[in-house]
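Colleague: Chain by chain, the residues run as shown.
2 protein chains.
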Amino acid sequence: MAEYMSMDHLKFLLHEVHNVEEIFSLSRYQDFDKDSVNILLDTAKTWADQDWFPYIKEMDEKPVYFKEGKVYSHPQLKKIFKDGGENGWIGMYFDSEHGGMQVPNTVGLAINHILESANNHLQGYLGLTAGSAHLITSFGSQALIEEFVPNMLAGKWGGTMCLTEPQAGSSLTDIKTSASPLEGEQFKIKGQKIFISGGDHEATDNFVHLVLARIDGAPAGTKGISLFVVPKYRTDGTYNDVITAGDFQKMGQRGYATVHLSFGDADGCIGYLVGEANQGLKYMFQMMNGARLEVGMSAASTATAAYYASLQYAKERPQGRRIESGGRKNPDQEPTLIINHADVRRMLFIQKAIVEGSLSLLIESGMYQDYALYGSEDVKDDNYHLLELFTPIAKTYPSERGKNAVDYGLQVLGGYGFCSDFILQQYYRDIRIMSIYEGTTGIQSLDLLGRKIPMGNGKALQLLMGKIQEVLTSASTYDEFKPYIKNLSSRLEEIQKVLAKLMPLAMAGENEKFLSDATTFMDMASNIVIAYQWMKMAVKAKENLLTGNGQNDQLFYESKIHTMKIYFKYELPRVTSCYQTIMDDDVLTIVDEKIEILA
Amino acid sequence: MAEYMSMDHLKFLLHEVHNVEEIFSLSRYQDFDKDSVNILLDTAKTWADQDWFPYIKEMDEKPVYFKEGKVYSHPQLKKIFKDGGENGWIGMYFDSEHGGMQVPNTVGLAINHILESANNHLQGYLGLTAGSAHLITSFGSQALIEEFVPNMLAGKWGGTMCLTEPQAGSSLTDIKTSASPLEGEQFKIKGQKIFISGGDHEATDNFVHLVLARIDGAPAGTKGISLFVVPKYRTDGTYNDVITAGDFQKMGQRGYATVHLSFGDADGCIGYLVGEANQGLKYMFQMMNGARLEVGMSAASTATAAYYASLQYAKERPQGRRIESGGRKNPDQEPTLIINHADVRRMLFIQKAIVEGSLSLLIESGMYQDYALYGSEDVKDDNYHLLELFTPIAKTYPSERGKNAVDYGLQVLGGYGFCSDFILQQYYRDIRIMSIYEGTTGIQSLDLLGRKIPMGNGKALQLLMGKIQEVLTSASTYDEFKPYIKNLSSRLEEIQKVLAKLMPLAMAGENEKFLSDATTFMDMASNIVIAYQWMKMAVKAKENLLTGNGQNDQLFYESKIHTMKIYFKYELPRVTSCYQTIMDDDVLTIVDEKIEILA
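Just so you know, the sequences run in chain order A and B. The first sequence begins at 1 in this note's numbering and counts up by one. The second sequence begins at 1 in this note's numbering and counts up by one.
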């Protein structure tokens with residue numbers, strides 16, 4: 001079987017770089033240890049090898065489709081729901097009282113990395129089912145939990161999140177779906193929801209939609225949004241007036257159904273209020289933050305699979321000759337494998353730097369999440385702040401630079417990369433959605449600069465700077481790392497200068513100006529955060545090379561140090577171009593009412 | 001009809017910025033003047049509106065396909081060949097003695113911009129037919145010209161270029177297709193050619209393939225390659241043993257047939273030698289340089305169409321509120337059009353900066369081409385050098401940054417951008433091939449740094465620096481431009497420092513090291529060349545604003561100056577990151593025989 005991810009790298013990150021073992025001392029995770037986690041990962045890998053990876057190409061070639069009110073999905077999806085339910089994967093994060101495994105978030109992310117590298121079309125179905133069940137267990141009544149959650153975690157009913165409406169798009173302020181009180185927690189639901197992932201398919205016999213709607217008379221805007229459980233069929237088996245109005249045919253992730261749902265066309269759709277009225281957005285965002293990490297992981301994993309596919313091609317394809325060895329046009333020499341061409345190596349190494357760096361960022365985010373949720377009181381707040389800071393970055397960097405990584409992967413194959421027989425073109429299409437899902441890059445960037453940087457008087461950023469300094473200090477033990485420490489330090493100065501320019505605008509209430517280059521700030525900040533990940537990996541690799549500790553061979557650790565250097569040479573300089581853009585005093589993208597100069 | 005390009009911008013470039021009128025004084029072009037060129041462009045626009053643009057989406061949705069030895073193409077292709085032949089478009093560049101219009105290359109590029117913005121799947125069919133006919137008229141015998149060229153220019157027979165073979169890919173050194181002498185200029189041809197664009201379809205009843213092959217006993221490598229005319233049917237109507245062995249289904253440009261041809265399976269394939277034996281590669285490259293400009297134009301045009309599609313969406317879609325006006329979540333305000341959001345404007349303006357800058361670069365390249373071919377003896381050599389320098393850049397910049405421009409266009413539409421109902425996802429797929437066609441970005445970059453920079457002791461670069469200085473001097477008349485002059489000047493210093501580091505490596509014969517970051521050098525150099533284009537456009541716009549000359553209104557010229565500033569703020573800083581990468585002394589991408597660290 002073709003490689004699509006590296007278990008060695010994943011375990012290196014978990015056990016050597018980020019010390020996932022530390023969280024097993026938390027009472028929630030006391031049943032886990034290194035060995036049991038590795039067994040869990042290996043089991044997931046076996047499942048991925050057998051039931052996920054073999055279907056990735058077919059799911060693209062035979063996409064889901066809509067016909068006469070119903071969405072038809074790939075037959076394998078049924079097996080995934082069944083196995084996912086029976087073997088506890090869907091409920092892996094859940095409390096044992098709900099039948100879950102209480103798997104740490106960090107480990108769950110690692111498992112999803114394996115599954116999504118194997119097949120990025122499938123995990124969303126399970127992930128959304130778990131996510132919506134989790135909203136019910138977190139905020140719903142005991143009755144709702146008992147009625148819906150067991151069948152969801154068993155993989156019998158699919159779950160979805162219904163936020164977007166045609167007229168509102170990303171602007172939840174403008175949600176119009178209505179909820180009219182009936183009795184108790186029951187409401188009559190009416191409205192249209194679009195872009196609903198996993199909203200209809202053949203693999204489960206019921207759907208449990210978590211729907212944002214506005215109770216009659218609720219305040220306007222986001223303050224008047226409530227959350228409802230709206231099943232397609234009620235638990236007594238009667239049809240609940242939820243119509244699949246159509247599907248969205250997409251450029252990529254064509255095995256992952258995206259549908260348009262219509263609630264209450266015949267006035268017969270009942271929804272059950274989750275928690276309190278008008279708290280819907282708050283509840284949804286508890287889930288949304290996790291979903292953003294999952295999207296980041298999906299992007300990182302798709303790019304990982306693309307990296308391994310292009311690496312394999314480069315190792316097998318002879319073409320041309322090395323420039324140094326008598327010229328690349330010398331017919332007297334046998335052609336070399338293309339992996340020996342500097343430009344091909346550059347494209348492969350940059351991919352490696354992006355995908356392995358992304359994965360490290362996501363694992364670190366998982367650790368913050370575990371401590372923020374289940375850590376002792378004295379560490380919770382710090383970890384919460386770090387998680388909040390990391391979330392938009394961990395969603396955006398793998399999506400944006402992962403897209404570029406796949407682009408390099410495709411380029412490695414030349415003309416074949418563009419051909420449908422090879423999978424690179426599919427990954428190129430699949431990954432493109434990631435910078436749109438769950439809040440576009442523009443929205444994540446507003447969140448980072450507009451909310452996460454200023455929150456708690458810049459507490460999160462201070463904590464991160466402390467973390468980076470810590471790594472720089474351990475790196476300074478090794479002469480080899482001195483130039484890279486200097487390099488990263490000068491990037492830190494650049495971002496400080498940028499903030500010294502931007503924050504006074506925020507103070508002065510000039511918010512549009514403050515935020516107009518938020519996306520460039522995101523690019524800058526995320527590149528620094530990945531440099532920090534690489535420095536961290538390189539330091540651990542160096543330690544293990546010197547001590548002989550660590551689970552991997554010398555070449556493995558040398559490769560990490562080499563890839564850190566690749567990152568610092570080829571990727572990190574992006575920071576300076578972002579710096580120049582933001583420090584440029586021209587204000588060019590804010591509407592000037594006088595003239596319309598875009599044409 | 002939706003806009004897909006701007007005639008105003010195209011005419012601004014031709015008549016105001018690059019003064020295409022100057023070449024009408026060349027004897028070859030004496031029948032042209034400004035009015036006749038404008039009529040030609042307007043006629044092309046009418047044709048594009050009627051027969052090209054309405055089919056772009058359908059050609060993707062009903063792609064060409066292969067069945068039982070035959071490729072089936074979209075019915076509209078037949079009309080395009082017919083009109084293209086009857087109205088002289090296929091032969092527009094040709095000498096009047098061959099029935100051509102003797103259209104200047106610059107004007108031809110402009111016409112192709114119109115056609116390819118309307119539909120990037122079609123022009124290649126006509127362009128390759130013209131290109132292969134041009135090889136025959138340039139180097140073939142009178143008999144060959146008479147036998148094949150008239151039907152090609154009439155759109156009755158399609159022409160192709162057959163270079164690539166399965167085992168060789170981009171390495172023409174390793175071509176194996178054989179040619180055994182029969183009599184006179186006749187040879188028996190045997191071999192496989194892949195990725196043949198337009199190599200089979202339903203629109204013409206014969207195909208004239210221009211095939212690179214090796215005459216028995218010829219020297220190894222590129223010195224032993226000859227060029228042959230190999231028709232599918234000989235002019236007496238007998239079948240010439242050219243089999244369509246299959247097609248390549250692709251991610252994009254799905255209306256443009258890409259096929260696998262097998263020559264002489266039944267030992268009955270006759271080819272006619274073009275020109276002299278063993279000169280095939282030289283002949284082919286005369287054509288290839290033009291083809292590279294055409295690919296650049298195809299990329300620039302696809303990105304242009306994407307820009308206009310996303311601009312139209314942004315002008316029509318209400319969503320959210322401006323940040324400044326009481327907050328983006330204020331439900332008491334009506335949603336604004338998304339074109340009013342700073343981040344959306346940023347994405348639109350960057351697209352505009354890339355696509356309009358690319359077009360200017362291509363028009364300037366066309367001027368160099370016209371002077372290099374038909375100019376007086378005293379200007380030919382300078383223009384030849386500038387053309388040689390510009391060609392890899394004009395092919396690569398629009399392909400690489402055009403790809404990013406389309407990416408922004410898709411992002412402007414959010415989730416809809418990913419959906420098949422909207423055309424952005426198609427342009428995103430279509431443009432991806434451009435950095436692979438006719439020599440990948442890696443190959444163009446080797447050509448730029450390894451051949452074009454050193455040629456004639458750096459003559460081309462010196463000439464370019466002179467051109468840039470000229471524009472900076474005229475810009476310095478205006479205070480408004482002072483900061484941008486300073487900005488560009490500092491980029492010029494950066495590229496000088498880079499060359500001062502790299503050229504000694506070339507002198508010392510350390511070619512692999514010299515060229516290992518050629519692609520980064522390409523990124524750097526091309527961004528500077530586009531900055532020069534923008535400075536040139538801005539200066540002309542400023543002049544016209546002050547004098548009241550020029551064909552466009554005030555807003556048009558203000559928009560050019562504004563977009564120049566956008567380019568300088570958001571795009572030009574890439575130069576510094578490239579500078580840092582190349583100046584970094586780590587050598588990381590050249591194979592170290594000791595270890596294999598890519599895994």
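Take these hints with a grain of salt, some might be off.
[Said to hold, decoys possible] Keeping only pairs whose Cα atoms sit at most 25 Å apart, straight-line, the calculated BS3-like set for lysine-lysine is: (1) A:K45 - A:K156; (2) A:K513 - B:K459; (3) B:K513 - B:K467; (4) B:K329 - A:K190.
[Claimed, not checked] Selected chain A positions facing chain B (in silico; Cβ < 7 Å): (5) T137; (6) S141; (7) A143; (8) Q286; (9) N289; (10) K565; (11) Q580; (12) L598.
In short, the hints are calculated from the structure, not lab data. In this text, all values refer to a predicted model and were calculated from it rather than measured experimentally. The beta-carbon is built from N, C-alpha and C at its ideal position, and this holds for glycine as well.
Colleague: Just to be careful, I want the Cα atoms of A:K513 and B:K459 compared with a cutoff of 25 Å; is the pair within it?
Modeller: Outside the cut-off at roughly 45 Å; violated.
Colleague: With a cut-off of 7 Å, does the beta carbon of A:T137 approach a beta carbon of chain B closely enough for the hint to hold?
Modeller: With Cβ-Cβ at 29 Å, over 7 Å, it is violated.
Colleague: Take a quick look at whether A:K45 and A:K156 sit within 25 Å of each other, Cα to Cα.
Modeller: The hint holds at about 23 Å.
Colleague: Was the hint right that A:Q580 lines chain B, CB cutoff 7 Å?
Modeller: holds, 4 Å
Colleague: Under 7 Å is the threshold here; is the Cβ of A:S141 close enough to any Cβ of chain B for the hint to stand?
Modeller: violated, 29 Å
Colleague: Grab the minimum C-beta distance from A:Q286 to chain B and call the hint holds if it beats 7 Å, violated otherwise.
Modeller: Because about 19 Å separates A:Q286 from the closest Cβ in chain B, which is outside the 7 Å limit, the hint is violated.
Colleague: Against chain B, with CB atoms and a cut of 7 Å, does the hint on A:A143 hold up?
Modeller: violated, 33 Å
Colleague: Let me know if the C-beta of A:K565 comes in closer than 7 Å to any C-beta of chain B, holds or violated.
Modeller: holds, 5 Å
Colleague: Between B:K513 and B:K467, does the CA-CA distance stay at or below 25 Å?
Modeller: Status violated; Cα separation ~30 Å.
Colleague: Does the closest beta carbon of chain B sit nearer than 7 Å to the beta carbon of A:N289?
Modeller: Because about 18 Å separates A:N289 from the closest Cβ in chain B, which is outside the 7 Å limit, the hint is violated.
Colleague: If you draw a straight line from the CA of B:K329 to the CA of A:K190, is it 25 Å or shorter?
Modeller: holds, 23 Å
Colleague: Is the interface hint for A:L598 satisfied, with its Cβ closer than 7 Å to some Cβ of chain B?
Modeller: A:L598 check passes; min Cβ-Cβ to chain B is 5 Å, inside 7 Å.
Checked against the numbered hints above, the structure violates hints 2, 3, 5, 6, 7, 8, 9; every other hint is satisfied.
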